[in-house]
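When you get a sec, could you build the whole thing from the sequences and use the hints?
The sequence shown: position 22 = 47 (the working numbering), numbered continuously.
Hints listed in this document are in silico derivations from the structure and should not be mistaken for laboratory results.
Honestly, I wouldn't trust all of these hints.
What the hints assert, rightly or not - Here are the computed lysine-lysine pairs in the DSS-like style, where the Cα-Cα straight-line distance is at most 30 Å: (1) Lys187 to Lys163; (2) Lys187 to Lys55; (3) Lys163 to Lys55; (4) Lys71 to Lys171; (5) Lys187 to Lys171; (6) Lys163 to Lys54; (7) Lys163 to Lys71; (8) Lys54 to Lys187; (9) Lys71 to Lys187; (10) Lys55 to Lys171.
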Amino acid sequence: MSLNAQTLIGSWEMVEAWDIGDDPSDPTKKTYPWGNPSAGYWVYDKSGHFSLMISQNPPLAIPTDPFSGQPQSSWLTPQKPWEVPHSLLIDSFATASPYAYFGTYTVEMDTNHPHLGGTIIMNVFADVMRAYTGTVQKRSFVFDGKDYLNVGTPGQYLRRLKRLT
Numbered sequence: 026m027s028l029n030a031q032t033l034i035g036s037w038e039m040v041e042a043w044d045i046g047d048d049p050s051d052p053t054k055k056t057y058p059w060g061n062p063s064a065g066y067w068v069y070d071k072s073g074h075f076s077l078m079i080s081q082n083p084p085l086a087i088p089t090d091p092f093s094g095q096p097q098s099s100w101l102t103p104q105k106p107w108e109v110p111h112s113l114l115i116d117s118f119a120t121a122s123p124y125a126y127f128g129t130y131t132v133e134m135d136t137n138h139p140h141l142g143g144t145i146i147m148n149v150f151a152d153v154m155r156a157y158t159g160t161v162q163k164r165s166f167v168f169d170g171k172d173y174l175n176v177g178t179p180g181q182y183l184r185r186l187k188r189l190t
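Structural data, given as structure tokens:
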């Protein structure tokens, strides 16, 4: 089996995600910022474009409308002008830590062991929090067979992806 930059192309489900060092009281502890298991999809296409979305698992419930009691808030109705409840947005971003960004990418394979992995270089066009917009994000990766990809720095963080396509 020949693993190379083309092996990255496809849709990937994020099946595991952890960080080390997020808890100041225990700097060696693994934390799971989006739950365990995590939720997310990463897509790399053959034209050099990528997108990824990460969300809490389980996702936050859609709040009920205080007037109708229905599970979808009336502010989501496109037929009338609406105003986003700021407290809901703060809750969503502070509690669930969702993340999404997209742009173009290139891959640099490890020069000594290209069959093992390399670095994904993502040129971010835009992101949901505007923290990565216009930046270059480099992520080390290691192939785990052709159907799993481990993105991260050993001992610091891991984003484990399972091939869907």
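Taking the hints in turn, this is what the structure says about them:
no. : hint             : result
1   : Lys187 to Lys163 : 20 Å, holds
2   : Lys187 to Lys55  : 21 Å, holds
3   : Lys163 to Lys55  : 22 Å, holds
4   : Lys71 to Lys171  : 17 Å, holds
5   : Lys187 to Lys171 : 9 Å, holds
6   : Lys163 to Lys54  : 24 Å, holds
7   : Lys163 to Lys71  : 19 Å, holds
8   : Lys54 to Lys187  : 24 Å, holds
9   : Lys71 to Lys187  : 18 Å, holds
10  : Lys55 to Lys171  : 26 Å, holds
In summary, the structure agrees with every hint in the numbered list given earlier.
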